[in-house]
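Residues per chain are reported as follows:
There are 2 protein chains.
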Amino acid sequence: MLQNILIDKAETLKPELFKHIVKPSRAVHVTRDAEAFQGWRMLDAGSPEDAYVKIWDRSDEIILDFCQYCVGYLSFEIESEVNVDCPLRLKIILGEVPAEIGEDFSGYNGSLGRAWLQEEILVLDDPPEKVRLPRRYAFRYVKISAEYNSRYYIKIKNIQCETVTSADMTAVAALPESFSVELRQIDRISLDTLKNCMQTVFEDGPKRDRRLWLGDFRLQALVNYQSFKNFDLCKRCLYLFAGLADENGLVPSCLFERPQPHSGKSQIYDYTALFAPSLLEYAQASGDWATAAELWPVAERQLRIVLKEVDGDGLFQDNKKWWLFIDWSPQLDKQTAEQGVVIFSLKKALELSKALGREPETWIKDAIVKMSDAALKHLFDQEKRVFVSGRDRQVSWASQAWMTLAGVLPSAGAAEAISTAANTPDAVKPAGPYLYHYIVEAMLAAGMEKDAYALLEQYWGAMVRLGADTFWEVFDPQDQYLSPYKSHIINSYCHAWSCTPAYFLRRQKSQPFCAER
Amino acid sequence: MLQNILIDKAETLKPELFKHIVKPSRAVHVTRDAEAFQGWRMLDAGSPEDAYVKIWDRSDEIILDFCQYCVGYLSFEIESEVNVDCPLRLKIILGEVPAEIGEDFSGYNGSLGRAWLQEEILVLDDPPEKVRLPRRYAFRYVKISAEYNSRYYIKIKNIQCETVTSADMTAVAALPESFSVELRQIDRISLDTLKNCMQTVFEDGPKRDRRLWLGDFRLQALVNYQSFKNFDLCKRCLYLFAGLADENGLVPSCLFERPQPHSGKSQIYDYTALFAPSLLEYAQASGDWATAAELWPVAERQLRIVLKEVDGDGLFQDNKKWWLFIDWSPQLDKQTAEQGVVIFSLKKALELSKALGREPETWIKDAIVKMSDAALKHLFDQEKRVFVSGRDRQVSWASQAWMTLAGVLPSAGAAEAISTAANTPDAVKPAGPYLYHYIVEAMLAAGMEKDAYALLEQYWGAMVRLGADTFWEVFDPQDQYLSPYKSHIINSYCHAWSCTPAYFLRRQKSQPFCAER
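Same order as they appear, the protein sequences are chains A and B. Per our numbering, the first sequence starts with residue 75, numbered consecutively. Per our numbering, the second sequence starts with residue 75, numbered consecutively.
Okay, chain A solo, but in the shape it has when bound (with noise of 0.2 Å):
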């Protein structure tokens, strides 16, 4: 009962959506070109118009360049010349990168359905019509294909997408040209990033998954308090979790809005203990300190119940109920990190509790000092100054960043530490922009200005000098078909954990220390 009160309290606040109609700026060829990304290159083909005017035979196609990511609905209008023979049978492919519209769909095999690889076919019965996809796409190339027609010659024009997003791009100001060109350029596609990922809710990726995520909206509100400043996205985003929590008060780590709000069923044991800091970092920005007092209640529980994961001697122990999510890299051992996440969160919780005038938690506390202890007593190689994880010691970027951020050392130790992973060349390294924001989080906590900004415009740099319109669920630079789903088109190439770039940016106030590339 109390849970449909606040489900219906997150409904009230399901935003109206900006519309604004985008149109094709280009025609292009799709090529392969080793030298490209992914092996694709686009190459200009004229107008859009004169792609239009283009009389289609039997089988045949035009492949239409926006020349920006766009999340929306398309519609095009279909002229048809001369008498038809036949129904109308179109495929249309929506690509956010040339891999998609060059690659062949029907060779895909990777872990994930097929269905989000944006393809749709059509057929129709009676052109001329005017089309539009009932399904919302996320792209930036259009390919338009007639599939083995007969005899049916067509124009198919004003190809035009009805974007959508609640997030209000008037209301964000460039950054200043204090900074330099390419911290403008990664500032803005972060918030490009952002904006076509905030939705109804913040999804993780308009184009796939397209769900709520506890980690992913952290990392998105926190941009967000720099940029849009939706407080009331991220209130409705707060109250869905805590409406969808289960029988034991533990909130989703994911959530879908549709048919009705419900649960994704995945725990992720770090996602849960973040909801704590979500909402004080809510009520701090938004200064609605009352939503914070409703909600603490649903963060006081998660904390509690992560903390019946931490052994007696105060060590987080993995006990396989739970999946452990950090990273994406298969080889990383989390137990240090996930201790470091729990104490980062126990102390926002502390800092939460006191903000609400709360009497001491001193449960709280009594965690934070046991587990800080634990950890620096059998987490941290006192002779290699690094904290290591699992049965082997494993030195990781994680570990270290996840300590920096629980504060377990000084910040002089934490930076020795986080220098020493990056000097050991078997560290495990980060695989994905998730992990790198902690990584720079922890590196400004530490007061590695210099190495966090350098870090920053290496790895975000290097997905715009790729050709990123918007920033990426899975990057490596060594790798570009690097894929946790077994094939690189069916990753997510507007992925909204990887926007943070502008949030480190907007809380300076002009160009920071940055190391030559």
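No wet-lab data here; the hints were simulated from the structure. Treat the hints with care, as some may be off.
In this list, chains with the same sequence are indistinguishable; a pair is considered to hold if it fits within one copy or across any two.
Claimed, not checked - Below, computed lysine to any residue pairings styled on SDA-like, alpha-carbon distance capped at 25 Å:
id : residue 1 : residue 2
1  : LYS97     : ALA248
2  : LYS524    : GLY481
3  : LYS339    : GLN585
4  : LYS451    : GLN585
5  : LYS97     : ASP387
6  : LYS165    : ARG210
7  : LYS88     : ARG378
8  : LYS93     : LEU198
9  : LYS560    : LEU198
10 : LYS229    : GLU194
11 : LYS339    : ARG432
12 : LYS88     : PRO202
13 : LYS303    : GLN456
14 : LYS93     : LEU518
15 : LYS165    : GLY184
16 : LYS165    : ASP283
17 : LYS309    : ALA367
18 : LYS204    : GLN334
19 : LYS339    : ILE79
20 : LYS339    : ASP200
21 : LYS458    : PRO333
22 : LYS217    : LEU198
With chain A held as given, fit chain B onto it using these hints.
Using the frame of chain A, we list chain B on its own:
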């Protein structure tokens, strides 16, 4: 302006369609079987309810048999059992015959566009959903496949078809039991064929083409007058043809209703001639002589146009301006058959003119005499007692049929010519049901009742024995794969020009004399 008035009149006659809900009777598997029609057999796989409760995995399919031919709108419900990981991509294939379910459409290479192959790809974001396919389909079998799903467990249930037709089956009694079981079965299948082609016009076939053809219309109307008696639908079609005549007054041989009524541009010489007989037959059946009077100028105009192709000797000459149809047979010489069609149509026009109380149309009489004389003089082999056609004096069934219907010879002579052709080994035989109709009709006109009904039972009965639910566009007892479009799966298996056994049978009071098979 006048034409708009005719179209407007046609539009006021657009029928409301009868709607019925039809549900599948069983689940089936499709399997290769060299003994079965076109090499595919359906094997029983239990009740639809058993198929529904099956849980779908990554890739899976069900095939349902409605056990009757349906034209209409397919709908079903999707229940999703557990949480979804990606949208649901369903491929739905609808088949008139087992081959369409068994064959792989991706190998299709027929001469017509593949959009006629009944396949729908759906991508559904948020099941549970109720799905109703927007296109109208024509089928007995439905295959629903989940394509490369991702941990997606669903149930599909409550599959049904809302059928549509403008034929009122309740208005038609079964043939009396004085007819054999086989003939009653042929009659019922004929009526099912016509019913499914009767929509807002008489369509040639509800799966493919789905348009109004003048020659097909005449045969459909003849059956309709003996069964459903939907006179308004005939009247609507006559006004559509008349209203879409070109600047020379030539009516189209085929036309489309949507987006607005327009000519199909095809001009078939024999179809054009048959407008006048069609108008007469409509008035005779309905008693609506006012319409016949209003459209008389259109009938007259068609014959005047047709007569332009008749030379000074009274002979039709093919000057390659027209499409001559008569039959699909590629080797058929059509001169003599066309000569017969024109004489037949002139005679019907004269009859119509008299019935309308018009002054004697001497130009028609003169043309009949001149063309009949020319036929006897130039197209009749006095020695062999058979009509011949073209430079090579080809003997064909088509020539005898149309010359018989033209009444150029007395009936004894016509019967002799038909028998002679039938006994001439290299005489060109009919290639499809449309011409078979005229052979039977000619045999009856020549007093060959026994042969006529034997042929009817033999030809249409063979389709029944091969499992026909409705009669086919194309049928050669020697070749189950014959297709004018180079692919048997694109053939129409419910084609109204094949429905005329009901016309022949329903003019009889009881079992006509039939030769044994």
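LYS451 and GLN585: within-copy, between-copy, both or neither at 25 Å Cα
Close neither inside one copy (40 Å) nor across copies (103 Å); limit 25 Å.
Which holds for LYS97 with ALA248 at a C-alpha limit of 25 Å: within a copy, between copies, both or neither?
Answer is within: at 23 Å inside a copy they meet the 25 Å cutoff, but 61 Å across does not.
Within, between, both or neither, where LYS88 and PRO202 count as close if Cα-Cα is 25 Å or less:
For LYS88 and PRO202, only the inter-copy Cα distance (22 Å) is at most 25 Å; the intra-copy one is 37 Å.
Up to 25 Å CA-CA - LEU518 versus LYS93, copy category:
Cα proximity of LYS93 and LEU518: none, with 37 Å in one copy and 70 Å across.
I want to check one pair: LYS339 and ILE79. Are their C-alpha atoms no more than 25 Å apart within a copy, between two copies, both, or neither?
within (21 Å within a copy, 64 Å between copies)
Please sort LYS339 with ARG432 into within, between, both or neither, judging by C-alpha distance up to 25 Å.
Neither: 32 Å inside a chain and 83 Å across chains, both beyond 25 Å.
Is the C-alpha distance from LYS204 to GLN334 at most 25 Å within one copy, between copies, in both cases, or in neither?
Between copies only: 15 Å across chains, 31 Å inside a chain, cut-off 25 Å.
Homomeric proximity label, LYS88 with ARG378: Cα distance no greater than 25 Å:
Neither, since 30 Å and 70 Å both go past 25 Å.
Is it within, between, both, or neither for LYS229 and GLU194, if the alpha carbons may be no more than 25 Å apart?
both (19 Å within a copy, 23 Å between copies)
Give the relationship of LYS303 and GLN456 under a CA distance limit of 25 Å: within one copy only, between copies only, both, or neither.
So LYS303 and GLN456 fail the 25 Å test inside a copy (43 Å) and across (99 Å) alike.
Homo-oligomer pair classification [ARG210, LYS165; C-alpha up to 25 Å]:
both (16 Å within a copy, 20 Å between copies)
I want to check one pair: LYS93 and LEU198. Are their C-alpha atoms no more than 25 Å apart within a copy, between two copies, both, or neither?
between (27 Å within a copy, 23 Å between copies)
The earlier numbered hints that this structure contradicts are 3, 4, 5, 7, 11, 13, 14 and 21.
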